[in-house]
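Undergrad: Here's the letter readout for the chains.
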Amino acid sequence: MKTIKILLSVAVFSILIGVTAFAALPETMWPGDPGNTTGLIVITKPPKDRSATFDRSYVISGYGKEGTIVAIYKLEGGRYVKTAHTWQIGASTYFAVPIVLDKGKNLLRVGAEDSSGTQKENVNLEITYLGNHLSDVVSGITVDPNNIPY
Amino acid sequence: MRCVTLAGESRYFNPMELMQLRKEQMKTVILVLLILNCLQLTGQIWFNKKLWPSGYNFFNSVAGNPVVSAIIKSLPFARGGVLMSDIYANAVAPQKIVINGGNAREVYYPGQKQYGDASEVVGNVMTKLLETASPRSAEIPADDWHAYLKGKSIYVDYGFSMDWDSFANSFGYGAGAAFSGAGQVSDILITGDSVTKEGIVCLYDAAANTVTKYWVDYTGEALLKYIEAATFGKRQNRVFAFELNLDGASDSPGIKRSVLLNSLVLLLVKDDESANEIAVSNPLRNETAVFDRIVAALDYTPSSLRKSVTKEGIASYVENSATIRISPGGVIEYRAVEAGKGILLSGSGEPSQLVSSVIQVANAVWRAAGEDRAPEIRLASDLVAARDGVYHIRLNYNFAGTPVVTRIDGDEPINNAVYAYVQNGYLTSFKMVLRTFEALETTAPLMTAISAIDSLAARYGGGQDKMIVDDLFECYSSEGDSRGVMWGVKIAGSNDVVTVTE
Numbered sequence: 011m012k013t014i015k016i017l018l019s020v021a022v023f024s025i026l027i028g029v030t031a032f033a034a035l036p037e038t039m040w041p042g043d044p045g046n047t048t049g050l051i052v053i054t055k056p057p058k059d060r061s062a063t064f065d066r067s068y069v070i071s072g073y074g075k076e077g078t079i080v081a082i083y084k085l086e087g088g089r090y091v092k093t094a095h096t097w098q099i100g101a102s103t104y105f106a107v108p109i110v111l112d113k114g115k116n117l118l119r120v121g122a123e124d125s126s127g128t129q130k131e132n133v134n135l136e137i138t139y140l141g142n143h144l145s146d147v148v149s150g151i152t153v154d155p156n157n158i159p160y
Numbered sequence: 375m376r377c378v379t380l381a382g383e384s385r386y387f388n389p390m391e392l393m394q395l396r397k398e399q400m401k402t403v404i405l406v407l408l409i410l411n412c413l414q415l416t417g418q419i420w421f422n423k424k425l426w427p428s429g430y431n432f433f434n435s436v437a438g439n440p441v442v443s444a445i446i447k448s449l450p451f452a453r454g455g456v457l458m459s460d461i462y463a464n465a466v467a468p469q470k471i472v473i474n475g476g477n478a479r480e481v482y483y484p485g486q487k488q489y490g491d492a493s494e495v496v497g498n499v500m501t502k503l504l505e506t507a508s509p510r511s512a513e514i515p516a517d518d519w520h521a522y523l524k525g526k527s528i529y530v531d532y533g534f535s536m537d538w539d540s541f542a543n544s545f546g547y548g549a550g551a552a553f554s555g556a557g558q559v560s561d562i563l564i565t566g567d568s569v570t571k572e573g574i575v576c577l578y579d580a581a582a583n584t585v586t587k588y589w590v591d592y593t594g595e596a597l598l599k600y601i602e603a604a605t606f607g608k609r610q611n612r613v614f615a616f617e618l619n620l621d622g623a624s625d626s627p628g629i630k631r632s633v634l635l636n637s638l639v640l641l642l643v644k645d646d647e648s649a650n651e652i653a654v655s656n657p658l659r660n661e662t663a664v665f666d667r668i669v670a671a672l673d674y675t676p677s678s679l680r681k682s683v684t685k686e687g688i689a690s691y692v693e694n695s696a697t698i699r700i701s702p703g704g705v706i707e708y709r710a711v712e713a714g715k716g717i718l719l720s721g722s723g724e725p726s727q728l729v730s731s732v733i734q735v736a737n738a739v740w741r742a743a744g745e746d747r748a749p750e751i752r753l754a755s756d757l758v759a760a761r762d763g764v765y766h767i768r769l770n771y772n773f774a775g776t777p778v779v780t781r782i783d784g785d786e787p788i789n790n791a792v793y794a795y796v797q798n799g800y801l802t803s804f805k806m807v808l809r810t811f812e813a814l815e816t817t818a819p820l821m822t823a824i825s826a827i828d829s830l831a832a833r834y835g836g837g838q839d840k841m842i843v844d845d846l847f848e849c850y851s852s853e854g855d856s857r858g859v860m861w862g863v864k865i866a867g868s869n870d871v872v873t874v875t876e
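As you go down the protein sequences, you meet chains A and B in turn.
If you read the first sequence in my numbering, its first letter stands for residue 11, the second for the next number, and so on.
If you read the second sequence in my numbering, its first letter stands for residue 375, the second for the next number, and so on.
Read the hints as simulated data drawn from the structure, not as lab findings.
Nothing false has been slipped in among the hints.
Keeping only pairs whose Cα atoms sit at most 30 Å apart, straight-line, the calculated DSS-like set for lysine-lysine is:
no., chain 1, residue 1, chain 2, residue 2
1, B, K524, A, K75
2, B, K599, B, K502
3, A, K75, A, K92
4, B, K608, A, K84
5, A, K55, B, K524
6, B, K864, A, K75
7, B, K524, A, K115
8, A, K55, B, K644
9, A, K92, B, K608
10, B, K524, B, K630
11, A, K115, A, K55
12, B, K608, B, K524
Label-pair distances were calculated between CB atoms; the ranges are:
no., chain 1, residue 1, chain 2, residue 2, range
13, A, T38, B, G622, 28 to 38 Å
14, B, G622, A, S126, 27 to 37 Å
15, A, S126, B, R833, 21 to 31 Å
16, B, T593, A, P36, 55 to 65 Å
17, B, K630, A, P44, 21 to 31 Å
Please read all numbers here as calculations on a predicted model, not as lab measurements.
Ideal placement from N, C-alpha and C gives every residue a C-beta, glycine not left out.
Chain A on its own, in the form it takes in the complex (with noise of 0.2 Å):
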């Protein structure tokens, strides 16, 4: 019976193990949560942490250490909540998503984790999307022409 009862356990945690590893990024995380380390991943698009654009679709670059399990986070009622964009980093350690943005600031989170789970980077970034709609310009949108890239 005790045998049976460590072999179970046995079991079950090792199933658990590879559960986790596949799902090591959290679906929420803090703001103030930056990893706590840097040179996992390096975001070459947008260049800046604050960029704009008037495209409603997105590319987020890159390129990182392969195996690396990376999340797109967007900021909701004061917690980044993961969305659905999640990949490994390949061989070639490059990454490229495109994404949708919706009016007006987005506050995105690129989270990243190694493949051991030990090492955690978060890179924050705003991207504005300007729009070309007359709505987007009735709503009241508002850009700081020192903040745009070009």
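Go by the hints and put chain B onto chain A.
TA: Below, chain B alone, put in the same frame as chain A:
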């Protein structure tokens, strides 16, 4: 006495007079035929470029004149010489034309209607440039080149480099172009200046890594309107590597990268693309008569060659100076023992004429194999004059605008649909793989460009040297079991294309 009517008047002739009359008539007919033949040969020599001696030719210098070229175009014997054949024109046409709309981008491939429309716009602008004696020009830095590619412009990607004469020839200008540039041309960018209302042409020389900008007397506004219309309502699903800042080396010491991207690699970022699968077949019938016709198409007489057949069915036709091998698998190989013993190609030795001649040889083989129409074929090697007279001419099939990669491994691997080694105007070695293609109803998904680069890095990235991806494009393979569209990768420093599938 016999009555003969001549010019409406009846006269009586005796038999002797009648015989004399018939003799005179025959002499007149022969004389007229000889004069017509003389005129035809003179026309061939004057207007057929293949018969011109090397050096200056008066007709060449006036061929660019609109009145003269209109007259020349109407003459049947001039079409093969002064004007390119359609098959050659298609072979050296750009592999893609990209319409950049600022925040939208459209990519057109050969065979699409939009490709034809865009080609016409490009042709009109290039005609203006080539007819301008000394256009204003300046070399521009890479940042300006990238800025034009990000803005409203038409980007023409040939996939190979051309020397200036071949480049001008591709637009119908021989030595008659008013303007002659230097260096090579790999890509073209056309845009309009909305301030000065001029047209702008940028010519990229991949060998020298320089971009030269020319101002052209062409309505810049009309160009910009065409670009806006072509990209209206479209998305930017394809992005240049430099736009994502993925074309540089890794800034992070902890991130080791084995694959680097050329700035101009166009990446597909959407992940739900799919394309029709194709069926590939070998049209070569394993029959002696067909093999003999192929030998004859290479200007050899089958009966005068020593023939042997291996147990695999490979037929070898051997003479003292050359060997022809035909495999039932659709592979034809020709090899001469030395340059002077090979097949003399027509033309004056210019690279464009040599390529045209090689295509003619390939088409002759296709017809000998019993196929009325050869698949589309595209140049895959540079069109640059070689000082030593040695050319490696490579051509690949194209199906519905999509390149088809031919790769057969073996003791002597084959990496192209047609390969020709030309030395001093003689075809010394020739390899050709016969394949036909048909679109299927079924479709297959295509992985994203980044996934393809991941597969490439996983397969080849173990070495110390970094691999530079010069081009990444969708293609089919003419060999193997895979019939869906895959990614073809051109690596810097290599003529071969690597294919990447799931």
